[in-house]
Amino acid sequence: MREKITSLVEAAELVRDNDVVALQNMATQAAPMALVRELIRQQKRGLGLVVLVGGMAVDWLAAAGAINRLIGAAVTMEQFGLCQQYRRAVEDGRIRVEELSETLLNARLGAGARNLPFLPTRGAIGTDLIALNPDNLKLIEDPFGGHQVLACRALVPDVALVHAHRADRYGNVQSEPTILWPDIGIMPKAAKHVIVTTEKIVDTEVLRRNPDRTILPGFIVDAVVEVPYGAHPTSLFPYYSYDSDFHRAWAEAARDDEKAASFMDRYVRSPATQQEYLEAAGGTTMLERLEYREQRG
Amino acid sequence: MSPEWQSSPPATNYGVDELMITTLADLFHNDDQVCNGMASFIPVAAFMLARLTHAPELIWLASAAGLDPRPERVPASTLEAPLWRDSVMYLEQYGDFWNYALNGRWIEKFCVGAAQLDQYGNANNSVIGDDYHAPKVRLPGTAGLADMGSIGKKLYYWNPDHSQRSMVEKVDFISAAGYLDGGDARKRLGLEGGPQMVISNLAVMDFHPESKKMRVQSLHPGVTVDKVQDATGFELLMPDGAIPETRPPSKAQVKLIREVIDPDDMRKRGFRTD
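Residue numbers (this note's numbering), protein chains in the order written: chain A, 71 to 367; chain B, 211 to 484.
Rather than coming from a laboratory, the hints here were simulated on the basis of the structure.
Do not take every clue at face value.
[What the hints assert, rightly or not] The calculated lysine-lysine pairs, modelled on DSSO-like cross-linking and capped at a C-alpha distance of 27 angstroms, are: (1) B:K346 x A:K329; (2) B:K380 x A:K208; (3) B:K364 x B:K319; (4) B:K465 x B:K423.
[As the list claims (entries may be wrong)] Here are the in silico distance ranges between beta carbons for each label pair: (5) B:G362 x A:N185: 28 to 36 angstroms; (6) A:D205 x B:L312: 20 to 28 angstroms; (7) A:Y362 x B:L312: 31 to 39 angstroms; (8) A:D327 x B:F444: 37 to 45 angstroms; (9) B:P449 x A:A201: 46 to 54 angstroms; (10) B:R468 x A:Y362: 50 to 58 angstroms; (11) A:T76 x B:D278: 53 to 61 angstroms; (12) B:L447 x A:D282: 36 to 44 angstroms; (13) B:G314 x A:P204: 26 to 34 angstroms; (14) A:E328 x B:F444: 38 to 46 angstroms; (15) A:G135 x B:N240: 51 to 59 angstroms; (16) A:P287 x B:N223: 41 to 49 angstroms.
[Unchecked claim] Covered stretches of chain A (chain B as the covering partner; in silico rule of three or more C-beta atoms under 8 angstroms from a C-beta of chain B): (17) 74–82; (18) 99–107; (19) 127–134; (20) 141–153; (21) 237–243.
Where is the CB? At the ideal position from N, CA and C, for every residue including glycine.
Please model the complete structure; the sequences and the hints are all you need to start from.
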């Protein structure tokens, strides 16, 4: 097996301008936020994003002018409201949205993963999503005589970015028991390249104790980077919760371009390392607050 | 749970949030499987209430993934821990949840909100405005709703803000298929199921069996026909005969909601306070 360990800077350099980037991020969950910050520091331009439900990561990339298109099912920070910077960019025509429902996105990625031209689904028939997207969605006859189905064209992202609990130096990725979304279930398998950030790089022997918890094999992974709290301010169940204060502060700042820019300077552009970022975001006091207890969210 | 809820008298002191929860809870039974999406405090509270009262065997998939969870109370997010606390199983979404959801046998009912609903039950969570690529408001997006609208599910919409803004003659964008332009339009596309009811802060509505136009089923206590019609951007059909009043929650139901299910008042989010 080949070693995949690298730095955040080098990992982000694997993402090129104009790439289609599949991003793990379920509203307030499990986004590779440290990697997203590094993409912004490297001033990426022209990226397309693929998200199931994008949250703050999408808002930051929109605020930084890094993205001009998005393929996804939703963008929202749930209880913290709409992503205001993203929203404004879409309303101004700076970001073009290819909206897909979940089974449409899954079908496009599933076809990408399996090297098929398309996969069909019955989802979204009758909606306006279809007429909007003639390049990628077509109603076709069931060759076996049933009702029409919707063919969803294969989507092969250039790179998938994920964050996980642990990995070894070869890029084998393991998860603690948690809910696994299509972000990990299909996106990395459809993408040409995969970059993994992880809370901890462990010896392969650790993975061998629970092979059923290994969710990605190292042979599909290009780079692995150890980044403790790499999903902050999103959650990584069962290690840490989402940071409510941080989300609220961003949601407030994002309503105003100047405040958003100064927020991004303070938390995204200025901190040179993950350690500096975590200090700026509240340090150990904040991190202790995010530990899962029987807290109520 | 003590059986006292069965004989409990109607509450006199309750909120419309509690009325919507009890009305929804009545729709879910022991043989149902239900799931919830984001920011779904009213459905989650309704599932929890049903399980504590008439439907202890109701199967609930928290966040459409955590099987038979036991959250202590309604948390601040319905897409995050601790909603899925003590789950029997985590359903992996891509390969697992959608197998069960797309298969016609399970998860027959889906309870959801929409920014706009029209007279035929078409829903919009995508954009406000005529130009999709330069909208007046970019909404979150359809997520799984566009799927649920086309795969034979019975849809139950909840709307905490019944107004001409949210109840429109024609949605700006069909994010989820209702009865399209009415009549048999839905059937002609081969779509089963569809919207069954709309439970708002003013009334309960269903759809006329032939025209598929939205129709008042019952008015909440104190709400007049004029009031609900004025708050609606299209002409609501009325039922034949006298219009029933929505059954108010019982005292025991209100107590359960306030003290056991949702002591942090998460259910009040999304309701206007004025």
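Consistency of the hints with the structure:
Taking the CA atoms of K346 of chain B and K329 of chain A, the gap is near 23 angstroms; set against the 27 angstroms cutoff, the hint holds. A C-alpha spacing of about 25 angstroms is found between K380 of chain B and K208 of chain A, which places the hinted pair at or below 27 angstroms, so the restraint holds. For a cut-off of 27 angstroms, the pair hint linking K364 of chain B to K319 of chain B stands: about 5 angstroms separates their Cα positions. At most 27 angstroms may separate the alpha-carbon atoms for a hinted pair to count; K465 of chain B and K423 of chain B exceed this at roughly 36 angstroms.
The hint said 28 to 36 angstroms for the Cβ distance between G362 of chain B and N185 of chain A, and at roughly 30 angstroms that hint holds. Distance hint check: the CB atoms of D205 of chain A and L312 of chain B are about 24 angstroms apart, consistent with the given range 20 to 28 angstroms. In this structure, Y362 of chain A and L312 of chain B meet the distance hint of 31 to 39 angstroms, their C-beta atoms being roughly 32 angstroms apart. A beta carbon spacing of about 38 angstroms between D327 of chain A and F444 of chain B agrees with the range 37 to 45 angstroms that was offered as a hint.
Between P449 of chain B and A201 of chain A, the C-beta spacing of about 35 angstroms breaks the proposed range 46 to 54 angstroms. For the pair R468 of chain B and Y362 of chain A, the supplied restraint of 50 to 58 angstroms is violated, since their beta-carbon distance comes to about 26 angstroms. Hint check: T76 of chain A to D278 of chain B, Cβ distance near 42 angstroms, so the stated range 53 to 61 angstroms is violated. L447 of chain B and D282 of chain A have their C-beta atoms about 55 angstroms apart, which leaves the hinted 36 to 44 angstroms range violated.
Our hint of 26 to 34 angstroms for G314 of chain B and P204 of chain A holds, since their Cβ atoms are close to 29 angstroms apart. Distance hint for E328 of chain A and F444 of chain B: a CB-CB separation of about 42 angstroms, consistent with the stated range 38 to 46 angstroms. Under the hint 51 to 59 angstroms, the C-beta atoms of G135 of chain A and N240 of chain B, about 53 angstroms apart, fit the expected range. A hinted range of 41 to 49 angstroms is violated for the C-beta pair P287 of chain A and N223 of chain B, which are about 59 angstroms apart.
Here the segment 74–82 of chain A counts 0 residues with a CB under 8 angstroms from a CB of chain B, which misses the bar of 3, and the coverage is violated. For the segment 99–107 of chain A, the stated coverage by chain B is not satisfied: 1 residues place a CB nearer than 8 angstroms to a CB of that chain, which falls below the threshold of 3. A stretch counts as covered by a chain when three or more of its residues have a beta carbon under 8 angstroms from one of that chain; for the segment 127–134 of chain A and chain B the count is 0, and the coverage is violated. Taking a C-beta to C-beta cut-off of 8 angstroms, the segment 141–153 of chain A contributes 8 residues in contact with chain B, enough for the three needed, and the coverage statement holds.
Proximity of the segment 237–243 of chain A to chain B, defined as three or more residues with a beta carbon under 8 angstroms from a beta carbon of that chain, is not established by the 0 residues found.
Against the hints set out earlier in the document, violations occur for numbers 4, 9, 10, 11, 12, 16, 17, 18, 19 and 21.
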